[in-house]
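We have chain A already, so just place chain B on it with the hints.
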Amino acid sequence: MIRTDRDGLRQSIQRQREQLDTSHALLTDSGTHTYTPHEVILELEGICLRAFTPQQPNGQPPLLLCYALVNRPWILDLAPDCSLVNALLAQGFSVYLIDWGSPSRSQQHLGLEHYIGQLLHQCVLATTTHANANQVNLIGICQGGVFSLCYAALHPERVHRLITLVTPVDFHVEAFTLSKLYRNTNAAQLVAAYGNIPGELVTQMFTALEPMRLGQFRHLHTHARLNRTRRSAQQFLLMEQWLQDCPDLAGKALQQFVQIFFKDNSLMTGQFRLGRLEVDVGRINTPVLNIYGKQDHLVPADASCALQTLLPAEQYHSLGIRAGHIGTLMSSRALKEVPTAIRDWMESIG
Amino acid sequence: MSEHFLNLLQHWLAQLQQAEDSTDWLERWRSTLDTLPQPPSPQISDLVFQLTRQSYRFEQLATALLTQDEAEALNRDSLLDTYRQHLDRLCNDWIHSSCFLPDQLALLTPFFTTQPQQETDLRDIHQQLERFQQLSSLPRTLLHRLQTLISSLHDFQQAQQRHSGQLSSLNHQALSHLADNLETSGINSVDELHAHWVDIYETHYSEALQRDDFNTAFNDLLESGSRVRLEWQSLINHLCSRFGLVSLADFDELSARHQNLQDRVWVLEEQVRRLSQPLSGNNHDQD
Chain A
1 MIRTDRDGLR
11 QSIQRQREQL
21 DTSHALLTDS
31 GTHTYTPHEV
41 ILELEGICLR
51 AFTPQQPNGQ
61 PPLLLCYALV
71 NRPWILDLAP
81 DCSLVNALLA
91 QGFSVYLIDW
101 GSPSRSQQHL
111 GLEHYIGQLL
121 HQCVLATTTH
131 ANANQVNLIG
141 ICQGGVFSLC
151 YAALHPERVH
161 RLITLVTPVD
171 FHVEAFTLSK
181 LYRNTNAAQL
191 VAAYGNIPGE
201 LVTQMFTALE
211 PMRLGQFRHL
221 HTHARLNRTR
231 RSAQQFLLME
241 QWLQDCPDLA
251 GKALQQFVQI
261 FFKDNSLMTG
271 QFRLGRLEVD
281 VGRINTPVLN
291 IYGKQDHLVP
301 ADASCALQTL
311 LPAEQYHSLG
321 IRAGHIGTLM
331 SSRALKEVPT
341 AIRDWMESIG
Chain B
1001 MSEHFLNLLQ
1011 HWLAQLQQAE
1021 DSTDWLERWR
1031 STLDTLPQPP
1041 SPQISDLVFQ
1051 LTRQSYRFEQ
1061 LATALLTQDE
1071 AEALNRDSLL
1081 DTYRQHLDRL
1091 CNDWIHSSCF
1101 LPDQLALLTP
1111 FFTTQPQQET
1121 DLRDIHQQLE
1131 RFQQLSSLPR
1141 TLLHRLQTLI
1151 SSLHDFQQAQ
1161 QRHSGQLSSL
1171 NHQALSHLAD
1181 NLETSGINSV
1191 DELHAHWVDI
1201 YETHYSEALQ
1211 RDDFNTAFND
1221 LLESGSRVRL
1231 EWQSLINHLC
1241 SRFGLVSLAD
1251 FDELSARHQN
1261 LQDRVWVLEE
1271 QVRRLSQPLS
1281 GNNHDQD
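Read top to bottom, the protein sequences are chains A and B.
Using our numbering, the letters of the first sequence correspond one by one to residues 1 to 350.
Using our numbering, the letters of the second sequence correspond one by one to residues 1001 to 1287.
Only chain A is shown next, with the shape it has when bound in the complex (with noise of 0.2 Å):
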C-alpha cells in the first residue's frame, strides 16, 4: 500500500484549478517579439543581416553573431531585459546578428558549401563594410558555431577573434544522445521525401531527447509561471513561441551536416570536403573563447571541450557556464558572465 496525504493533494488540485482559472487572461496578451532597435543592411537569398549600434563604442572590430540553421535568432534578443545582443551592446560592441531565414522548397538544394562560403562570407563582407572594418570578431552558436570554426578554416584573414558558444565539436562522445539519434537516421531519405525537413520534425526531435520534461512536464508547470508577474508570463509565452518556431532546413544542407558532422565527426579529423570547399581547421590562427554549457543536455560540455584537442594551448581559452543549452546563451547568471568575459578576454588577449 501506498500512504496518502489526502488534504494535500485535494489543495495541490485546488491550487492546480486556481492557477488556471487566472492564468488564462495572460495568454491574450502576450504580445509578439520584436528586435532591439537596428538596421538591415543586406538581405540575401531569403538571409537577413541586422546591425545594432551601441551607444559607447568599444573600439573592438564588429561582433558578427552566427546562429544555428535550427531555430531562430531571436532567442538572443528576445526582450529587453533578457538579451544577449543587448547585453553585448552595453559592453560597447557593434552587434550584427544574421538570421538565415526559412528555405522554400527551391532552396532545398542550398549545402554546407552555400551556406558557409556564400552566404556567411557575404555577412561578413556586408559587416566589415558597414563598421568600416577590416575583420570581424565572429561568435558561431550551436551549429552556428560549426560554420564559424569552417569559416574561420576558410578564411583566417577575416576573423580576428572567434568565439564558439554551445557548439560541438566531437560528435561521438558517449552522452551526446541528439547525435547518436541523427546517426542513425536515414537522412536520405528524409530529405528525398520532404525536400526540406519541416521544423515540426526538427522540434520532435529534440523533444524525443526527454519527451516527458520537455513536454508534458513543462506544460503542467506553465500556469505557475503565467501566474508570477505580467513581466514573467510575457518572457514565458515568447520563450513558448521560439521553441515552437523552428523553421524548416534545407535538405541538402541538412544530409551534409548528418553525414560530414554527426557520422563522420570530420571535425576531430580536422581535414574535411563541404562540397567543393577543402576545410583544414589548422588554418585557424586566431585566439578561439570557447563557451559552453556545463548542464547542457543538447550539447553536452564533453562534444563542446573537445576543441581544445585541435587548436595549440596558446589558442584555446574557454568558459564553463552552470548552465543548460537555452540558458547559457540567455538565463540571468550567462547575461551577466558571457559579455563580461568576451570584454575581458578580447582585452587580455590585446
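Worth double-checking, as some hints may not be accurate.
Label-pair ranges, simulated between beta-carbon atoms [what the hints assert, rightly or not]:
(1) Leu1245(B) <-> Ser232(A): 50 to 60 Å
(2) Lys294(A) <-> Arg1211(B): 19 to 29 Å
(3) Leu44(A) <-> Gln1134(B): 49 to 59 Å
(4) Glu39(A) <-> Asp1191(B): 38 to 48 Å
(5) His1258(B) <-> Pro37(A): 30 to 40 Å
(6) Pro156(A) <-> Ser1241(B): 46 to 56 Å
(7) Asp1212(B) <-> Ala188(A): 16 to 26 Å
(8) Thr34(A) <-> Gln1128(B): 49 to 59 Å
(9) Pro156(A) <-> Ser1169(B): 48 to 58 Å
(10) Lys294(A) <-> Glu1207(B): 20 to 30 Å
(11) Ala1195(B) <-> Ser232(A): 18 to 28 Å
(12) Leu1245(B) <-> Asn285(A): 46 to 56 Å
(13) Gln259(A) <-> Gln1262(B): 19 to 29 Å
In the EDC-like style, the derived pairs of lysine to aspartate or glutamate whose C-alpha atoms are separated by at most 20 Å in a straight line are [claimed, not checked]:
(14) Lys180(A) <-> Glu1202(B)
(15) Lys263(A) <-> Asp1212(B)
(16) Lys180(A) <-> Glu1207(B)
Stretch-level coverage of chain A by chain B, calculated; a stretch enters the list once three of its residues show a Cβ under 8 Å from a Cβ in chain B [as the list claims (entries may be wrong)]:
(17) 101-108
(18) 188-196
(19) 199-212
Calculated from the structure, these hints are not laboratory results.
In this text the structure is predicted, and so the values were computed from the model without any measurement.
In this text, a Cβ means the ideal position worked out from N, Cα and C, and glycines have one as well.
Same frame as chain A, but now just chain B:
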C-alpha cells in the same frame, strides 16, 4: 492553422464540457479562445491546445487518484493501472502527433485500424486492387504505385506499433520503480508526485536511448513514415505527368539545376576575382 484549427479546438472543448461536469477554469479557457487576436498565431493556438489538454488530462488523473483514496492509502496495483492509462494516452498523443504522413493521408488516419493489418489482410487488399485493375482501365503502373503505397502504410503502422510497444514497456518499468519509491515516501502532493515521476521516467528513458533496439524502433518509425510520404508523392507525380501537369518532381529537378548554375557562377566569379587581383595590385582578399 488557424481558423480550421480553432474551430476544431472549440468543438473539442465543447465536447469536453458536455462529457464532464463543467468547471470554471474550462469555461474561462474556452472564452479565452474567443478573445485571442484573429487569426491567432499558430504558436498561441498550440499553446492553448497543449495547456487545456495536458491540464485536463492531469486533472483526470489526480481525480482518479483521489477517488481511490478513500482509505487514505492507495493499492499499488490501482495506482499503476491509473497511471498506466494516463501514460498510454500520452504515448498515443506522441505517436500520432508526428508529422510523418502527408496531410491527405493523415486526414484518413481515424479510419485506419488501430492494430496493424495482418499480412493476409494486406494480400487481400493487393488482390482486390488487381481485380479492380483487370475490370477497369486502370493502368498497371498506377496499380503498382498504389500497391507500393499501401505496403508502405502497412510498414508504417507496424513501426508505430513497435515503437508504441517499446514506450509501453518503458512506462511499465518506470512505473514499477515509481511505485517502489512511493511505498516508502507516500504521496503528499500532486506536484511532488509529478516531479518525482518525471525524474524516474527520464532516467529510464535515457537508458533506453542507449539501447540499439529502442533506437532501431524509433528510426524505423521515422524511416517508414518518410517512405509513405515518398510513395505518396511518387503517386501524385505519376498522376501529374499522365495528365500533362508539372509535378513536384519536375519542380525539384529545375530547382536543382538552378542551384547548380548558381554555384557555377559563384566559382567563375571567384576565378575572375582572383585573376583580377594581380592586375589591380591589391594583395588583400577582396572577395
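(request) Check whether three or more residues of the stretch 101-108 of chain A sit with their beta carbon closer than 8 Å to a beta carbon of chain B. (result) holds (count 4)
(request) Mind taking a look at whether chain B covers the stretch 188-196 of chain A? Criterion is 3 or more residues with CB to CB distance under 8 Å. (result) holds (count 6)
(request) For the pair supplied as a hint, Lys180(A) and Glu1202(B), confirm whether the alpha-carbon distance does not exceed 20 Å. (result) holds, 17 Å
(request) Using the Cβ atoms, figure out if Asp1212(B) sits within 16 to 26 Å of Ala188(A). (result) Since Asp1212(B) and Ala188(A) have Cβ atoms about 21 Å apart, the given range 16 to 26 Å holds.
(message) Just to make sure I understand the rule, a stretch counts as covered if three or more of its residues have a C-beta closer than 8 Å to a C-beta of the chain. Does the stretch 199-212 of chain A meet that for chain B?
(response) holds (count 8)
(request) May I ask you to test the hint 19 to 29 Å on the CB atoms belonging to Lys294(A) and Arg1211(B)? (result) Given about 27 Å between the Cβ atoms, the range holds.
(request) Could you see if the CB distance from Pro156(A) to Ser1169(B) stays within 48 to 58 Å? (result) With Cβ atoms ~52 Å apart, the hint holds.
(request) For the pair supplied as a hint, Lys263(A) and Asp1212(B), confirm whether the alpha-carbon distance does not exceed 20 Å. (result) holds, 16 Å
(request) Could you say whether the range 19 to 29 Å given as a hint is met by the Cβ separation of Gln259(A) and Gln1262(B)? (result) holds, 22 Å
(request) Mind checking the hinted window 30 to 40 Å against the Cβ distance between His1258(B) and Pro37(A)? (result) The hint (30 to 40 Å, Cβ to Cβ) holds, given that His1258(B) and Pro37(A) are roughly 37 Å apart.
(message) Just to be sure I understand the hint, the distance between the Cβ atoms of Leu44(A) and Gln1134(B) should be within 49 to 59 Å; is that true here?
(response) Distance hint for Leu44(A), Gln1134(B) holds at roughly 56 Å.
(message) Between the beta carbons of Leu1245(B) and Ser232(A), is the distance compatible with 50 to 60 Å?
(response) holds, 53 Å
Hint compliance for this structure: every hint is met.
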